[in-house]
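Engineer: Sequence:
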Amino acid sequence: MKNGQGNLIGGLDIGSNSVRMATGQLLGKENGNFELQILGAAEVPAEGVQKGVVNSIEDVVSSVSACLERVERMVGVPIDSVWVGISGLQILSQSSKGVVAVSKANSEITEEDVARAIEAARSIATPLNYEVLHVLPRHYTVDGQTGIKDPTSMTGVRLEVDTQIILGSSSQIKNLTKAVYRAGLDIEDLVLSIIATAEVVVTKRQKELGVMVVNLGGSTTSMAVFEEGELIHTAIIPLGSQNITNDIAMGLRISPEDIAERVKIEYGDCGLDSTSKKEDVDLFDIGAPDHQIVKRKFLSVIISARVEEILQKVDDELRKIQRSGLLPAGVVFTGAGAKLPGLVELAKKVLRLPANLGYPLNVISVTDKVNDLGFATAVGLVKWGSEMQGIQGHKSGGKSASSIWGNLKKGLKALIP
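Per the numbering used here, the sequence shown starts with residue 619, numbered consecutively.
Possibly wrong hints are sitting among the right ones.
[What the hints assert, rightly or not] Pairwise CB distance ranges (calculated): (1) P907 - R937: 30 to 38 Å; (2) E963 - D934: 17 to 25 Å; (3) K722 - P696: 43 to 51 Å; (4) N864 - T728: 52 to 60 Å; (5) Q930 - E737: 35 to 43 Å.
Don't read these hints as lab results, they were simulated from the structure. Glycine included, C-beta positions come from ideal geometry on N, C-alpha and C.
With the hints as constraints, model all of the structure from the sequences given.
Structural biologist: Written out as structure tokens, the structure reads:
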């Protein structure tokens, strides 16, 4: 979106509990590198979304519109388009291989050859009612030579590419795009949320060594595993921080639910660092209708049991790809649910990996919201968008993903009244 402040990029993260939006731009530095500057960010409660899937378009329109209005007030200019994160249990991921013959007579591989190989990988039999969102190259093979990162200008007659294909439910895509369009925004692209998050919370070096990014959201937990610089696995687990809140409400027999949420935020921890904190909590002090004394230790037991279950399911995904306990750069946690004290320590124990919290890297901002773990995806979408728009170089795999959305977009816009 062009305006007086330059080429602003918008990122929209529609979660089950919150809608978050960020907008910013890449600034050139004297050393030739770029730095991401966030100029506006806002958050509103989400309505009409469950486990990452839209179940009420009008409610989502209302939430997105409210968030958009806040961001526009901050930056002082209208926002016309955004890069939108997509997640939820209907996301699928699978491997695919594409093979083509090199076209030039001198056997020099061109960008067109690479694009044809990626397109060949995309031409897989997709499940009924699913659409391809991303075709992400992992590595190339030229005449039997494997492990090639960029085959452009190399010589060969046969080019192969191994890719990771990300697919989304057609109905989920249509409902999400319809809600965003009705809120008055155009969509630059749909991006798998956890991939966008990884753009700003881990370094290229970590991706080379082997790292996992885990977003502990409201009703789902998303994960992405990187190795040798490329995505090798994604998964979305149907448990999140809302399950922790529900456990607290049931375990302490408290109602309404917002009291349980306040208990979690103000007094919750994962059980490994509670000895120095107040032993008893009177729920009346945080809005409960009656005096109810709760043992802090009991609260920690409730929370840590659910968090450990989530971490075990994350480890189950690592076992599927033979990476359990075998990622040198460890695990990086983001998302509002990752704010629980003791999460990192418990994760080190359960996953047997180094663990840290993931705050946006190399980002400057006029708002403190970028230092909130919950905003990592929105900021990551801004970073993804800036790279895809060519402000900073990007790989041909990104170009492939963009062209896929271009084809989908024409059909979807025709369906919006």
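Engineer: Hints first: check each against the structure and report whether it holds.
Structural biologist: Outcome of the hint check:
no. : hint                    : verdict
1   : P907 - R937: 30 to 38 Å : violated, 46 Å
2   : E963 - D934: 17 to 25 Å : holds, 21 Å
3   : K722 - P696: 43 to 51 Å : holds, 46 Å
4   : N864 - T728: 52 to 60 Å : holds, 55 Å
5   : Q930 - E737: 35 to 43 Å : holds, 39 Å
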